[in-house]
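Visitor: Quick mapping for you: the protein sequence lines, in order, are chains A and B. Residue numbers for the first sequence follow the numbering used here, so the first one is 26 and each next one is one higher. Residue numbers for the second sequence follow the numbering used here, so the first one is 26 and each next one is one higher.
Read the hints as simulated data drawn from the structure, not as lab findings. Using N, Cα and C, we set each Cβ at its ideal position, and we do this for glycine too. Be aware that a few hints might be false.
Pairwise CB distance ranges, derived in the manner of DEER restraints [as the list claims (entries may be wrong)]:
(1) K28/A to K274/B: 45 to 55 Å
(2) E183/A to W234/B: 34 to 44 Å
(3) R230/B to D114/A: 51 to 61 Å
(4) M228/B to K28/A: 50 to 60 Å
(5) M242/A to N226/B: 46 to 56 Å
(6) P91/B to G229/A: 28 to 38 Å
(7) G229/A to A201/B: 30 to 40 Å
30 Å max Cα-Cα, derived DSSO-like pairs, lysine-lysine [said to hold, decoys possible]:
(8) K28/B to K199/B
(9) K274/A to K205/B
(10) K199/B to K274/A
(11) K220/A to K199/A
(12) K274/B to K220/A
(13) K205/A to K28/A
(14) K218/A to K28/B
(15) K274/B to K93/A
(16) K93/B to K218/A
(17) K220/B to K199/B
(18) K175/A to K274/B
(19) K199/A to K218/A
(20) K274/A to K208/B
(21) K218/B to K223/A
(22) K274/B to K274/A
(23) K218/B to K199/B
(24) K218/B to K28/A
(25) K93/B to K199/A
(26) K93/B to K274/A
(27) K28/A to K199/B
(28) K205/A to K274/B
(29) K208/B to K175/B
(30) K93/A to K28/B
(31) K205/B to K175/B
(32) K93/A to K223/B
(33) K220/A to K93/B
2 protein chains.
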Amino acid sequence: MAKRPLILVTNDDGITAPGLRTLISVMNQLGEVVVVAPDSPQSAMGHAITINSTLYIEEMTIDDGPQKEYACSGTPADCVKIAVNEILDRRPDICVSGINHGSNSSINVIYSGTMSAALEAGIESIPAIGFSLLDYSWGANFEHCTTFVKTIAENVLENGLNDGVVLNVNIPNKTASDIKGIKVCRQARANWKEKFDKRQNPMGRDYYWLTGEFINMDQGEDTDEWALEQDYVSIVPVQFDLTAHHAIKTLNTWDFNA
Amino acid sequence: MAKRPLILVTNDDGITAPGLRTLISVMNQLGEVVVVAPDSPQSAMGHAITINSTLYIEEMTIDDGPQKEYACSGTPADCVKIAVNEILDRRPDICVSGINHGSNSSINVIYSGTMSAALEAGIESIPAIGFSLLDYSWGANFEHCTTFVKTIAENVLENGLNDGVVLNVNIPNKTASDIKGIKVCRQARANWKEKFDKRQNPMGRDYYWLTGEFINMDQGEDTDEWALEQDYVSIVPVQFDLTAHHAIKTLNTWDFNA
Numbered sequence: 026m027a028k029r030p031l032i033l034v035t036n037d038d039g040i041t042a043p044g045l046r047t048l049i050s051v052m053n054q055l056g057e058v059v060v061v062a063p064d065s066p067q068s069a070m071g072h073a074i075t076i077n078s079t080l081y082i083e084e085m086t087i088d089d090g091p092q093k094e095y096a097c098s099g100t101p102a103d104c105v106k107i108a109v110n111e112i113l114d115r116r117p118d119i120c121v122s123g124i125n126h127g128s129n130s131s132i133n134v135i136y137s138g139t140m141s142a143a144l145e146a147g148i149e150s151i152p153a154i155g156f157s158l159l160d161y162s163w164g165a166n167f168e169h170c171t172t173f174v175k176t177i178a179e180n181v182l183e184n185g186l187n188d189g190v191v192l193n194v195n196i197p198n199k200t201a202s203d204i205k206g207i208k209v210c211r212q213a214r215a216n217w218k219e220k221f222d223k224r225q226n227p228m229g230r231d232y233y234w235l236t237g238e239f240i241n242m243d244q245g246e247d248t249d250e251w252a253l254e255q256d257y258v259s260i261v262p263v264q265f266d267l268t269a270h271h272a273i274k275t276l277n278t279w280d281f282n283a
Numbered sequence: 026m027a028k029r030p031l032i033l034v035t036n037d038d039g040i041t042a043p044g045l046r047t048l049i050s051v052m053n054q055l056g057e058v059v060v061v062a063p064d065s066p067q068s069a070m071g072h073a074i075t076i077n078s079t080l081y082i083e084e085m086t087i088d089d090g091p092q093k094e095y096a097c098s099g100t101p102a103d104c105v106k107i108a109v110n111e112i113l114d115r116r117p118d119i120c121v122s123g124i125n126h127g128s129n130s131s132i133n134v135i136y137s138g139t140m141s142a143a144l145e146a147g148i149e150s151i152p153a154i155g156f157s158l159l160d161y162s163w164g165a166n167f168e169h170c171t172t173f174v175k176t177i178a179e180n181v182l183e184n185g186l187n188d189g190v191v192l193n194v195n196i197p198n199k200t201a202s203d204i205k206g207i208k209v210c211r212q213a214r215a216n217w218k219e220k221f222d223k224r225q226n227p228m229g230r231d232y233y234w235l236t237g238e239f240i241n242m243d244q245g246e247d248t249d250e251w252a253l254e255q256d257y258v259s260i261v262p263v264q265f266d267l268t269a270h271h272a273i274k275t276l277n278t279w280d281f282n283a
């Protein structure tokens, strides 16, 4: 490549998160890196954007390195929008988000701030990847992720992605030698069986904590859940055209003039 | 139907919103209504859920009527989760969300709190519909929406919906006589061309407001944008399996062992 690619890096765990730091270190090997990440954790923000309040950005140095870094007061989707429109002087060649502390496989993609940033880039026709490690802890070990992150990002830089397609990559919490490889998958049909933990505050008012158990209802051996259980890195191509095309025919048989 | 259906009603504009009030009045004609809606506006919340703070629910009476009403301190998705798990004594037969003050057509579905509530119900295998009116104002006139809302909800109660499919209904801001009918559509390929309005706060620090212009890049005559421009009510069946199945084959040709 004649010119080094411009790489936009973001996440939802906030600009100081170790997963983001790992992602920056890999991307510095591949191109010119600009980081625009939330100034505080934004997990489970879904695809929120900030329309009724103000946004601040602040250039800062968290780690040594060639990258430029900006903290933004908004959501992950805001970070991408403001990066593309106000910070970067040209369109990025790729946007990478993560590495998330915790899984964004199967239905978790819907709630994921990490993936919302990647989807936002995809909506802007920028090739984009969200990376997640199956370990929720702040002190998670990201070392074994670097090879996979690099390989997948290199492939996207080289091959591009179809317009409207974004990659959702999840990495097992195993050592590099335990991981069997990379599998392209579909999103498993799974959900959370919620349980609300009901408590009483000191003033006697009831309140709830949301907890839950993950249920994989999908027996397929082509899903991300299956691949991750078998110690593969999973890649699901995801799209933001939510149309359930298979349902259109049925709906057209309905009688709306009753 | 032997037993009146149980109808869960929610929205993202908050429990006092006129659009919700209209939706409740229509649903009271169709079944037993329980309202669980945010205690404050939650627009553009995407599919956010509350995992790091507490949730409160409060039974209240906003309007006279047979419905039961609860305000919840969380997001639209939280409202559905807590309704199903803590408030309702049986599974609802349908969940309706809205009527949103403003469009959720095409790419707006991604940012929509209204649709995130409907999708959350869909994830729980409850037939669900999100309704939106193409008028952002609080004082919007919802009168002409009632016939369409009722017809579509009756159809879903009678026919059900495929598992994994949720309806996204948008209604033109026209009089009933100007609306030509209902069209089943696909989501148009469109996006927002953002513009950030940069200002300086009284302390001299720069801040930004997110504004933007809506761009429909899709010339198809089978899209929701086309239908709405032609004065039809649009119904897009949407799904929360985001897999871009058409991209899997290409990705399987990539070399991940380079």
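Visitor: Taking the hints in turn, state whether each one holds.
Guide: Consistency of the hints with the structure:
no., hint, verdict
1, K28/A to K274/B: 45 to 55 Å, "violated (31 Å)"
2, E183/A to W234/B: 34 to 44 Å, "holds (38 Å)"
3, R230/B to D114/A: 51 to 61 Å, "violated (22 Å)"
4, M228/B to K28/A: 50 to 60 Å, "violated (39 Å)"
5, M242/A to N226/B: 46 to 56 Å, "holds (50 Å)"
6, P91/B to G229/A: 28 to 38 Å, "holds (30 Å)"
7, G229/A to A201/B: 30 to 40 Å, "violated (49 Å)"
8, K28/B to K199/B, "violated (36 Å)"
9, K274/A to K205/B, "holds (20 Å)"
10, K199/B to K274/A, "holds (27 Å)"
11, K220/A to K199/A, "holds (29 Å)"
12, K274/B to K220/A, "violated (39 Å)"
13, K205/A to K28/A, "violated (34 Å)"
14, K218/A to K28/B, "holds (27 Å)"
15, K274/B to K93/A, "violated (36 Å)"
16, K93/B to K218/A, "holds (25 Å)"
17, K220/B to K199/B, "holds (29 Å)"
18, K175/A to K274/B, "holds (21 Å)"
19, K199/A to K218/A, "holds (26 Å)"
20, K274/A to K208/B, "holds (12 Å)"
21, K218/B to K223/A, "violated (44 Å)"
22, K274/B to K274/A, "holds (26 Å)"
23, K218/B to K199/B, "holds (26 Å)"
24, K218/B to K28/A, "holds (27 Å)"
25, K93/B to K199/A, "violated (49 Å)"
26, K93/B to K274/A, "violated (36 Å)"
27, K28/A to K199/B, "violated (52 Å)"
28, K205/A to K274/B, "holds (20 Å)"
29, K208/B to K175/B, "holds (15 Å)"
30, K93/A to K28/B, "violated (63 Å)"
31, K205/B to K175/B, "holds (16 Å)"
32, K93/A to K223/B, "holds (21 Å)"
33, K220/A to K93/B, "holds (23 Å)"
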